[in-house]
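**Q** The primary structure of each chain is shown beneath.
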Amino acid sequence: MDEWKTSRSGMIAITVLRVVVGWHVLYEGLAKLTSPSWSAAGYLRVSRGPFSGLFHWIAGNPQLLDQANQITMYGLTIVGVLLILGLFTRLAAAGGIAFILLFYLCNPPFVGYFYSIPSEGSYLIVNKNLVEISALVVILVTRSGLFAGLDRILHLLVFRRTRLAPA
Amino acid sequence: MAGEDGTGAPKTQAAPDEPRKLGRREVLKGLSTVPALGLFGYAWEKQRRYQQAKVDEIAAAAKAPEGLREINIALLGAGAQGQVLTDAMLRIHGLRFRAVCDIWTEYNQKRVVNSLKRFKHEPNAYEDYREMLDKEKELDAVIIATPDFWHSQHTVDCLKAGKHVYCEKEMSNTLEGARAMVAAQRETGKLLQIGHQRRSNPRYLHCYDKIIQEAKMLGRIVTVYGQWNRGVTPDLGAPDRYVISDARLAHYGFKNMHQFRNWRWYKGKGGGPIVDLGSHQIDIYGWFLGANPSHVMASGGNLYYDPKTHEWYDTVMAVYDFDTPLGPAKAYYQTQTTNGSQGYFENFMGDQGTLLISESEVNYAGQLYRDPNAPSWDEWVQKGYVSAPKEQETRAKSDSGAIADVRESVAPDQHTVPVTLRDPYHQPHLQNFFDAVRGQARLNCPAEVAYETAVAVLKVNEAIEAKSRLSFNPQDFKA
Ligand SMILES: NC(=O)c1ccc[n+]([C@@H]2O[C@H](COP(=O)([O-])OP(=O)(O)OC[C@H]3O[C@@H](n4cnc5c(N)ncnc54)[C@H](O)[C@@H]3O)[C@@H](O)[C@H]2O)c1
Numbered sequence: 003m004d005e006w007k008t009s010r011s012g013m014i015a016i017t018v019l020r021v022v023v024g025w026h027v028l029y030e031g032l033a034k035l036t037s038p039s040w041s042a043a044g045y046l047r048v049s050r051g052p053f054s055g056l057f058h059w060i061a062g063n064p065q066l067l068d069q070a071n072q073i074t075m076y077g078l079t080i081v082g083v084l085l086i087l088g089l090f091t092r093l094a095a096a097g098g099i100a101f102i103l104l105f106y107l108c109n110p111p112f113v114g115y116f117y118s119i120p121s122e123g124s125y126l127i128v129n130k131n132l133v134e135i136s137a138l139v140v141i142l143v144t145r146s147g148l149f150a151g152l153d154r155i156l157h158l159l160v161f162r163r164t165r166l167a168p169a
Numbered sequence: 005m006a007g008e009d010g011t012g013a014p015k016t017q018a019a020p021d022e023p024r025k026l027g028r029r030e031v032l033k034g035l036s037t038v039p040a041l042g043l044f045g046y047a048w049e050k051q052r053r054y055q056q057a058k059v060d061e062i063a064a065a066a067k068a069p070e071g072l073r074e075i076n077i078a079l080l081g082a083g084a085q086g087q088v089l090t091d092a093m094l095r096i097h098g099l100r101f102r103a104v105c106d107i108w109t110e111y112n113q114k115r116v117v118n119s120l121k122r123f124k125h126e127p128n129a130y131e132d133y134r135e136m137l138d139k140e141k142e143l144d145a146v147i148i149a150t151p152d153f154w155h156s157q158h159t160v161d162c163l164k165a166g167k168h169v170y171c172e173k174e175m176s177n178t179l180e181g182a183r184a185m186v187a188a189q190r191e192t193g194k195l196l197q198i199g200h201q202r203r204s205n206p207r208y209l210h211c212y213d214k215i216i217q218e219a220k221m222l223g224r225i226v227t228v229y230g231q232w233n234r235g236v237t238p239d240l241g242a243p244d245r246y247v248i249s250d251a252r253l254a255h256y257g258f259k260n261m262h263q264f265r266n267w268r269w270y271k272g273k274g275g276g277p278i279v280d281l282g283s284h285q286i287d288i289y290g291w292f293l294g295a296n297p298s299h300v301m302a303s304g305g306n307l308y309y310d311p312k313t314h315e316w317y318d319t320v321m322a323v324y325d326f327d328t329p330l331g332p333a334k335a336y337y338q339t340q341t342t343n344g345s346q347g348y349f350e351n352f353m354g355d356q357g358t359l360l361i362s363e364s365e366v367n368y369a370g371q372l373y374r375d376p377n378a379p380s381w382d383e384w385v386q387k388g389y390v391s392a393p394k395e396q397e398t399r400a401k402s403d404s405g406a407i408a409d410v411r412e413s414v415a416p417d418q419h420t421v422p423v424t425l426r427d428p429y430h431q432p433h434l435q436n437f438f439d440a441v442r443g444q445a446r447l448n449c450p451a452e453v454a455y456e457t458a459v460a461v462l463k464v465n466e467a468i469e470a471k472s473r474l475s476f477n478p479q480d481f482k483a
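Line by line, the protein sequences are chains A and B.
Here the numbering used here runs 2 ahead of the position in the first sequence, where the first position is 1.
Here the numbering used here runs 4 ahead of the position in the second sequence, where the first position is 1.
No lab work stands behind these hints, which were simulated from the structure alone.
Beta carbons are placed, not taken as given, at the ideal position from N, Cα and C, and that holds for glycine.
Hints are not guaranteed to be accurate.
Stated by the list, open to error - To give a feel for the contact side, a few chain A residues facing chain B, derived at Cβ under 10 Å:
{"id": "1", "residue": "Thr17"}
{"id": "2", "residue": "Pro64"}
{"id": "3", "residue": "Leu67"}
{"id": "4", "residue": "Val128"}
{"id": "5", "residue": "Asn129"}
{"id": "6", "residue": "Asp153"}
Required output: the full structure, derived from the provided sequences and hints.
**A** Printed below as a string of structure tokens:
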């Protein structure tokens, strides 16, 4: 991105996008954390598609499932907070992409598979997960946290220190 | 910060709008999205309050209305089904949870106790049911959802302690065990309801009372087909940190954690899929046909799972003979655990109509087909016993383009059962039990009735082993 610049209004729009995606991810995480009985097991068990073997394997292995549940609940919550705050934005965006990509691959709306989970819309290859992944890619490459977010402050602190250091 | 505000300052930084030095403006920009987190917190708090209000509402609704004595209950066995029953009971008026007993204290017991606390119940937790019976003097009833091989002992001891009992199916994994339960019920005069919950399901009651008995819309039922097909399911496990000590497992009759979690598959603990799943539906066969079977032949095998950990047959196909009040009938039942297509249902085929029903209303709304030669059902449609028919056009060409042959029967009219259950599956059956405790109803599935089903169902495993057709003596069904 060194070569091109996003306009100010573009950056504001991307910041809004970041906050909105962060909001959603944060709520997904918190809702799971505070539900007394949430587990990914049900979702993993109905997995279809080329990667279903992996997901079924996780669902069938209590140790792994327990870990997957913990990682998902805390991971989503943390990623959500970081995205809203614009802190470690690129790391958070990458983490978000990884999570949502897993959800996507668990039940991908590929040809012949899109009947797998009753869903509220109609999808062919592209579903809302993929849209959210794409949004996170935009957030990642435009370094939106540097524009409006704690990364900006962090960056300045570090930047200043590195400038002072050799002095 | 150069550039981004259109001042025309040089744009040389690496990232867009890369800040240069920490000033007030920079800090403000850095903090600019923090309020969004505050907004989230506000919305979250609102949402939490709304959910809590809902919970309180249910808890308040479940309080005994004026004049209704609260029934003090305990749950014995807080596993998957214990939780399902608990959730259903939380919707029933006038119940007070006094105790929860489960040997898996660190997991299942905790989970159910916590879920009850959310609804303002303060149950005491026990590992040993005898201690619970000793200490909880004011209990009126115990709800039992332990593994099948515990049912008999738990039920008998609870009845003898003067409690009414709702015990999950299968009544027991042995006939001796089931007989002891009937005997204890008779001896104590307490109520014993067995958890064949379809017996209280308004849809099934409507089918039996109105469609079969009163309107006789099926005519004479000659054949029955039913199934429970389930896809491959991995064995149940437990996270390491919740594993039960070997000593405690052994004390309660389990060889190891795998057996504790997957007891259904082990001989001497459960009865395999035919008992676990089949008993619900074979119970309906006897009920709707108005008879107990006279013979059974069956084939079963361990075709798919490791027989070391799956001692019972994973696949069973059974044929019963019935001598019904209207004449002989044959009833087929299959359960298999390697393919879930078409799920579970019961299909009763009479000479005038067919009834296809399932507890799973979303998959089977309850279809009725009138044979084209049967008397008209107009009267029953008008009375609201069945929905108006959906005309089945006889098409010269089907959707697939295949040509219909003149020898094919005309497609019958299709109706549906107009009754819906909007509550959890087990709620009406539990409600029936508590109504009976208050002296306001008769049990829909008392011990004697469930015993007849247990006799019919447990015989299937025997028939598979014997590799021959076994007969029942009418005396067999009397406990
Ligand atoms: N009516 C239905 O639709 C339906 C559905 C599922 C299960 N069931 C029945 O419910 C019963 C329980 O099934 P589940 O799926 O919940 O099994 P589960 O293994 O999930 O739960 C059994 C629970 O009982 C506890 N337990 C075992 N021995 C005990 C003892 N001696 N004292 C106290 N607690 C003990 C275990 O710790 C466990 O928590 C079975 O009889 C099953 O057939 C009925």
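**Q** Does each hint hold? Answer for all of them.
**A** Hint check results:
This hint holds: A/Thr17 has a C-beta 7 Å from the nearest C-beta of chain B, less than the 10 Å allowed. Restraint check, A/Pro64 versus chain B: the minimum CB separation of about 3 Å is within 10 Å; hint holds. Residue-level restraint check for A/Leu67 holds (minimum Cβ-Cβ distance to chain B is 8 Å; threshold 10 Å). The interface hint given for A/Val128 is broken, as the beta carbon of that residue sits about 27 Å from the closest beta carbon of chain B, more than 10 Å.
At its closest, the beta carbon of A/Asn129 sits 23 Å from a beta carbon of chain B; the interface hint therefore is violated under the 10 Å criterion. Taking 10 Å as the C-beta contact cut-off toward chain B, the hint placing A/Asp153 at the interface holds, the least distance being around 7 Å.
Going down the numbered hints, you'll see the structure goes against 4 and 5, while the others check out.
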